[in-house]
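Student: Listed below are the residues making up each chain.
There are 2 protein chains.
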Amino acid sequence: MSETDKPTKTVGKATNIAWHEGEITREDRAKALGHSGCTLWLTGLSGSGKSTIGVALEKALIRRGILAYRLDGDNVRHGLNANLGFSPEDREENIRRVGEVAKLFADAGVVTISSFISPYQRDRDKVRVIHEEAGLPFLEVFIDTPIEVCEQRDPKGLYKKARAGEIKGFTGIDDPYETPQRPEAHIKTDTQSIEESADQLVEALRAHGIL
Amino acid sequence: MSETDKPTKTVGKATNIAWHEGEITREDRAKALGHSGCTLWLTGLSGSGKSTIGVALEKALIRRGILAYRLDGDNVRHGLNANLGFSPEDREENIRRVGEVAKLFADAGVVTISSFISPYQRDRDKVRVIHEEAGLPFLEVFIDTPIEVCEQRDPKGLYKKARAGEIKGFTGIDDPYETPQRPEAHIKTDTQSIEESADQLVEALRAHGIL
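Respectively, the protein sequence lines represent chains A and B.
Here the first sequence is numbered in my numbering, starting from 36 and rising by one per residue.
Here the second sequence is numbered in my numbering, starting from 36 and rising by one per residue.
Isolated chain A, as found in the complex (with noise of 0.2 Å):
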């Protein structure tokens, strides 16, 4: 019952549940942190370097003095998503719950990072709509690598589980990846270092007025 004790913003109503005046400001949270709150929403392939972008990103974030913070199945499937599966539904609620905690992280005045295969179109724009209704920025990051090259480098296995027909619905294989059509950011890791993609991400939070 707890959103029933959500404080009502009446001012000067004769009970202290009425004392928020004054309550604390997106911008005031951007003033104390000298930067905004964003989303950077990597999306792409299995292997395709999401994840290895997302770290070399909030490296580089932090040592600026950013709070950057990332989301990925780390620290996510092993907790709040602990109770998913990965049926369709699951999937979906999987990425969607992702994107609320994207979310609140940049209402928090975070530059967050979620770094999720998430290969539907639809549910992308799902978590985009939730921001930008939220007046939060919302960058979609492709992580473009040739399917070839993420089966070549296959740090798990997981490419030839697939191709084996052990894992059943893998992205790219036997579920479509759906590519983003105008993403913020496209990052073509076959042309491109590490270090020259999270430059080109940090460009991108500048172009978009978030540092």
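I should point out that these hints are in silico values taken from the structure, not numbers from a laboratory.
Any given hint could turn out to be false.
As the list makes no split between identical chains, a pair holds if one copy fits it or if it spans any two.
Said to hold, decoys possible - Listed below are the simulated DSBU-like cross-link pairs for lysine-lysine, each with C-alpha atoms no more than 35 Å apart in a straight line: (1) 191 <-> 66; (2) 203 <-> 66; (3) 195 <-> 223; (4) 161 <-> 191; (5) 161 <-> 94; (6) 195 <-> 94; (7) 66 <-> 94.
Start from chain A and add chain B according to the hints.
Tutor: Leaving out everything else, chain B in the frame of chain A:
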């Protein structure tokens, strides 16, 4: 299939996926921010003043340059937990998800202030455990207001509705509130002002080495 994209920690492997040396640590983050992250878990009856004290604390912290963020019904029930109702299972899942999100914020270095009735000790203890397992400070804060006072305030007329039987399972009326047995902070709103309460929590953060 996001978690299959989890980066390997292997260093020196001949793929750029392995480029994770020098990943940002919690210490790097704390150094950049000037403070570490934690969760302050405010629990108490509806109308006890959790959100009001949370707002005052957030303001006190942001003004000191400390990145604080509030999680409450306002920003969670309409987003992340919009697909949850009020069955016992859904209430438990509501608190579980908030606990996991608080943990992520604390990991990011944020002083996280959650304001939920969270009436059951078992649910609060689970949130404590996931923080402790992750090495993150968790401070249970009991917002102690006599139910008579809460009912008198009744800013939204919820107690009135519960007494009339229009709301079932209302904490303190026909559903129990389990008083925290060993909270890290105990705020008695009938003898402390809101500012005194916020100051007490800032002191608790200092005493726990977070600020």
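Student: Within, between, both or neither: how does the pair residue 195, residue 223 come out at a Cα-Cα threshold of 35 Å?
Tutor: within (23 Å within a copy, 61 Å between copies)
Student: State whether the alpha carbon distance between residue 191 and residue 66 is at most 35 Å within one copy, between copies, both, or neither.
Tutor: between (43 Å within a copy, 34 Å between copies)
Student: Checking residue 195 and residue 94: alpha-carbon separation at most 35 Å within a copy, between copies, both or neither?
Tutor: Intra 32 Å, inter 53 Å, cutoff 35 Å: intra-copy only.
Student: I want to check one pair: residue 66 and residue 94. Are their C-alpha atoms no more than 35 Å apart within a copy, between two copies, both, or neither?
Tutor: Classified as both: same-chain Cα gap 22 Å, cross-chain 13 Å, threshold 35 Å.
Student: Between copies, within a copy, both or neither: which fits residue 161 and residue 191 at Cα up to 35 Å?
Tutor: Both: 30 Å inside a copy, 32 Å across copies.
Student: Checking residue 161 and residue 94: alpha-carbon separation at most 35 Å within a copy, between copies, both or neither?
Tutor: both (28 Å within a copy, 32 Å between copies)
Student: Which holds for residue 203 with residue 66 at a C-alpha limit of 35 Å: within a copy, between copies, both or neither?
Tutor: For residue 203 and residue 66, neither the intra-copy (48 Å) nor the inter-copy (44 Å) Cα distance is at most 35 Å.
Checked against the numbered hints given earlier, this structure breaks only hint 2.
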